[in-house]
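Visitor: Each chain is listed here by its residues.
2 protein chains.
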Amino acid sequence: MPTHDPTPVTVIGLGSMGRALAEAFVAAGHPTTVWNRTPAKAAPLVAQGAVHAPTPRAAVEASPLVLTCLTTFQDTRSALEPAAEALAGRALVTLNSGSPAGARALAAWATGHGARFLAGAVKNVPSAVGAPDTLLYYGGDRTVFDAYAPTLRVLGGDTVHLGDETDLAALYESAVGAMLLPALVGFFQGAAAVQARGLEAASMVRYAEKWLDMIKALLPVFAREIDSGDYTDAASSVNLFLADADADPDEDTAVETAWLAPLHDLVRRAAAAGHGEHSISALTEVLRKPRQRA
Amino acid sequence: MPTHDPTPVTVIGLGSMGRALAEAFVAAGHPTTVWNRTPAKAAPLVAQGAVHAPTPRAAVEASPLVLTCLTTFQDTRSALEPAAEALAGRALVTLNSGSPAGARALAAWATGHGARFLAGAVKNVPSAVGAPDTLLYYGGDRTVFDAYAPTLRVLGGDTVHLGDETDLAALYESAVGAMLLPALVGFFQGAAAVQARGLEAASMVRYAEKWLDMIKALLPVFAREIDSGDYTDAASSVNLFLADADADPDEDTAVETAWLAPLHDLVRRAAAAGHGEHSISALTEVLRKPRQRA
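Protein sequences appear in the order of chains A and B. Under my numbering, the residues of the first sequence are numbered 1 to 294, in order. Under my numbering, the residues of the second sequence are numbered 1001 to 1294, in order.
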């Protein structure tokens, strides 16, 4: 429980994540104003004590701290456009996915209207909002972060300011998030292969969890290799993956593996570039685009 | 320390994993015979007390339990071919990657020569061999597993018999392993993107570790959805990933993203098949190959 009057907050965008954010603020005793294009989505929050503003402008005017949780930066700008004049002097915090360029463009627009701006990301699922270990990170105006850190921490105990640049959360979001879809598709493919043998996907979960633990333990090692550019002390070499890439696809898996072909190509290109005996992290060198001509 | 005379073991194939296996047996007091095509690789093991056999046949004849750790099932067969007549009555345990079909073929060959056969996999890196939590799983002759479980457990405390079918380890190996390269390439791409901004790859490790924890926590949920075929209670929907798939690639990342295109295609196909509001785990349905005509 806060010992001072809790900061009034506004949450715009009530998808599953936006609802979770608003619920956390309501539960923590913050006067909470919400707005959503489809007002019905606000009903459960209103029942818990939130106020549904009739317009985006009224929603912005209700609080010194305005969080948006829409799908893209463009959606965010579209929703805020009618409230642009009300942004002056307020703190605007976006929590959506999107590119660094999108974050910078919205930052320019919002600060142009006098808002102080932070762009952040929730690194977890809606049900984890509010937990002590849940990570949210933000880039942008440090004074906003410092002023509202206790309020932002309501959304997750692991709340981090990445730096003053407004696109840092988007940068890390896309960098860290780049593992998600590929890892999941790998798991789904494995699940389909196991099921094709009449076994349950659940039977591989324990092994897959351990596999992720092992991958997790390797990340600091790989990061060190990538930062130093020294790939020679290879626990898992490119050639090890090359053997797998060059193996004949197993006819009896009953699962599509075409999506793996470009990954195997990266492995082959790394080997061809002389990284065969180097750590698999040397694939980073192959993933860098050649510098544009100056 | 074993209270009975430790079982003599032979390890054929002294790559980094094979060396780790042999070292663990030597350290646990097992009379350990090794063989490698390049004998120099055996020198450190011999210094620790292992015996380097002059031929594969001599290596096989030295122990009732013979482990191979070569790259493929074909390599294993090639190495064992000159020792085929010595296999009768011995337990042969393979620890290599390869397809279920490859495991079945080697099993047929080995049992045809009178060996009792287990095909297994080490689900970790060489440096983890021997640790209490290290996972190894095996498929095949249960009597071999039961007879030698204490010896096999020297290699890792989490030692599992998957079932009597000789290709089960290969099946789970490819199913569980399907996450590895995609997840790593995702991490490497993120590292390259962060570096292109002048930041260290190390700066994203903490976030990436948390991200993997989150993915890990989702696996049992996804497995339940996949096993039940009920994808309607979606914490992360296909449409959420579709927005990302359809976003313009960020021009300024300086990183190749072409390898993601087939993954985004899978997302689009799932949405087109009516899974838009379903859990992302519905991608499993898209990954199944259509049944061949009967």
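Hint data in this document are derived by calculation from the structure and do not stem from the laboratory. Just to be clear, a hint being listed does not mean it is correct.
[To be verified] Below, in silico cross-link-like pairs of lysine-lysine (DSBU-like), each with a Cα-Cα straight-line distance of 30 Å or less: (1) B:K1289 x A:K210; (2) A:K41 x B:K1289; (3) B:K1289 x A:K289; (4) A:K289 x B:K1210; (5) A:K210 x A:K289; (6) B:K1289 x B:K1216.
Visitor: Give a verdict on every hint.
Guide: Structure-based check of each hint:
1. With a CA separation close to 28 Å, the supplied pair K1289 of chain B and K210 of chain A stays within the 30 Å bound.
2. For the hint linking K41 of chain A to K1289 of chain B, the alpha-carbon distance of about 39 Å lies beyond 30 Å, and the restraint is violated.
3. At most 30 Å may separate the alpha-carbon atoms for a hinted pair to count; K1289 of chain B and K289 of chain A exceed this at roughly 34 Å.
4. For the hint linking K289 of chain A to K1210 of chain B, the alpha-carbon distance of about 28 Å falls within 30 Å, and the restraint holds.
5. Restraint check for K210 of chain A and K289 of chain A: not satisfied, since their Cα atoms lie roughly 33 Å apart, outside the 30 Å limit.
6. About 26 Å separates the Cα atoms of K1289 of chain B and K1216 of chain B, which keeps this hinted pair within 30 Å; it holds.
The structure fails hints 2, 3, 5 (numbered hints given earlier, in ascending order).
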